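Colleague: So the chains spell out like this:
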Amino acid sequence: MRVSIPTPLLSYTQAPLVDAQGGTVAELLVDLDRRYPGIRFRMIDEQDDIRPHVKIFINRERIVGLDEHLAPDDEVQILQALSGG
Amino acid sequence: MSDAVRSGQVVLLVGTRKGVFLLHADAARNGWTLEGPHCLGHLAYHVVLDPRDTRALLVAAKTGHLGPTVFRSTDLGKSWQEATGPPAFPKAPEGESGRVVEHVFWLTPGLPEEPDVWYAGTSPPALFRSEDAGNTWAPISGWNDHPNWGLWTEDGADGTPGGSLLHSINIDPRDPQHLYIGLSGGGVFESTDGGGDWRPLNAGCEANFNPVPEPEFGHDPHCLRLHPLAPDVLWQQNHCGIYRLERPAERWERVGDNMPRDVGDIGFPIELHPRDADTAWVFPMDGSDVWPRTSPDGKPAAYVTRDAGRSWQRKDAGLPREHAWLTVLRQSMAVDAHDPVGVYFGTTTGQVWASRDEGDTWTCIADNLPHVFSVEVAELEP
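Taken in sequence, the protein lines are chains B and L.
Mapping of the first sequence onto our numbering: position 15 corresponds to residue -5, and the numbering continues sequentially without gaps.
In our numbering, each residue carries its 1-based index in the second sequence increased by 9.
Hint data in this document are derived by calculation from the structure and do not stem from the laboratory.
Predicted, not measured: the structure shown is a model, and the values here were computed from it.
Every residue, glycine too, gets a C-beta built ideally from N, C-alpha and C.
Where hints are given, some of them may not hold.
Pairs of lysine-lysine residues, derived as DSS-like cross-links and limited to a Cα-Cα distance of at most 25 angstroms, are as follows [stated by the list, open to error]:
(1) B:Lys35 to L:Lys100
(2) L:Lys87 to L:Lys71
(3) L:Lys71 to B:Lys35
(4) L:Lys27 to B:Lys35
Label pairs and their calculated CB-CB ranges [what the hints assert, rightly or not]:
(5) B:Thr4 to L:Gln186: 38 to 48 angstroms
(6) B:Arg15 to L:Asp202: 33 to 43 angstroms
(7) L:Arg260 to B:Gln(-6): 56 to 66 angstroms
(8) L:Leu389 to B:Gln(-6): 28 to 38 angstroms
Please model the entire structure based on the sequences and the hints provided.
Modeller: Written out as structure tokens, the structure is:
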């Protein structure tokens, strides 16, 4: 499925839209990290929580846990808020 | 560690709030060339050369709201890679909450006989070790899971505005199992078994923010330095003054009481002469009333002692005479091993200053940089 990548993570993917696979968000992030090593830990902490200011949407609905199921034609958007100077 | 005078090229490694800059000196340490930015936009808390190969650089980094990491270069900054396993706590068992590394703050290379070993200190105050030149990191459970960790660190909450910090990782050059660390807040701690167990080492240090007259821990050492050639000698610039300790003694002596009263002995960094354990430089800041933490009276100066803290001399030639409200953070002062010793500091206002005569005269060698977090010296082979 297609995954939208926020600009702070483009150094990993070199592209704003990439392909990744997984039956859940957790599996998708593992696949993303296999394709783009290191990207997952910048978004997800060691307790498997989404880091503050990182938001993940499936078909434009925000999810808060990584066990959400995904269908092959789902659209996944990863967004990152920027704040501060 | 050699006691030889060094004569190779000096490069200053400058970690800033917006990335890494390198300042290359000419042979006389007179002209300086600014290179960078590297890792632009990343918070670079500490940039350190591997003194064992003089080519590898490690950066303790974080990026805005993204997670913490370590960047590595094996060619003096020509190219960069990210650590494949940055410092991270173990995942907590299901149903329990676990700790999260907020940022990597401090890096210390291991001894020459442990060529790929590095240590990292983080916020919250945890300790990590790499055995593959900084590529992957493992928690040092003896500290991170010590039964007193929560007591000594107030569960990692007793910290600076930037978070509770583990910094100043010092390794006894005679024994890689003998470690000292500093916690802000928490105090100085010592391990003699490679980090398996720890004990506080704070007797004699004031903690005027604690109602207990002589607490065993809970102090705020801003910067702790062990002398590489006299490793029984420890110095610290503490939140409550400048202290010196000669082991096996256990009680710190407040040598900052010998500083001028109108300047005081509050500051962040302390640096030691590489060949003389009685010589140290500090950069005092205003620790009065609400703690402005700027140069006292807007008149910046370094101070040096050459007699183990019994007397201090002001070193301000070349620095602004007034209206200069500088702040120099705990990693932002450094020395080289030339003769005479070069002394360097960076400011939160984005300047880097250099003295090639042990602080007698100062020159601004970079300006308009981002907020400087750290300055370290890289001594390249001649």
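Colleague: CA of Lys71 (chain L) to CA of Lys35 (chain B), is that 25 angstroms or under?
Modeller: Given that 25 angstroms is the threshold and the Cα spacing comes to 18 angstroms, the pair holds.
Colleague: For the pair Arg260 (chain L) and Gln(-6) (chain B), does the Cβ-Cβ distance stay inside 56 to 66 angstroms?
Modeller: About 57 angstroms separates the Cβ atoms of Arg260 (chain L) and Gln(-6) (chain B), which means 56 to 66 angstroms holds.
Colleague: Using the C-beta atoms of Thr4 (chain B) and Gln186 (chain L), is the stated range 38 to 48 angstroms upheld?
Modeller: holds (44 angstroms)
Colleague: Within 28 to 38 angstroms or not, the Cβ separation of Leu389 (chain L) and Gln(-6) (chain B)?
Modeller: holds (33 angstroms)
Colleague: Check the hint pairing Lys87 (chain L) with Lys71 (chain L) against an upper bound of 25 angstroms on the C-alpha distance.
Modeller: Measuring from Cα to Cα gives roughly 20 angstroms; hence the hint holds.
Colleague: Does the Cβ pair Arg15 (chain B), Asp202 (chain L) satisfy 33 to 43 angstroms?
Modeller: Once the Cβ atoms are compared, 42 angstroms apart, the range 33 to 43 angstroms for Asp202 (chain L) and Arg15 (chain B) holds.
Colleague: Taking 25 angstroms as the top limit, are the C-alpha atoms of Lys27 (chain L) and Lys35 (chain B) close enough?
Modeller: Status holds; Cα separation ~24 angstroms.
Colleague: Given the hinted pair Lys35 (chain B) and Lys100 (chain L), is their alpha-carbon gap at most 25 angstroms?
Modeller: Holds. Lys35 (chain B) to Lys100 (chain L) sits at ~21 angstroms (cutoff 25 angstroms).
Hint violations for this structure: none, all hints satisfied.
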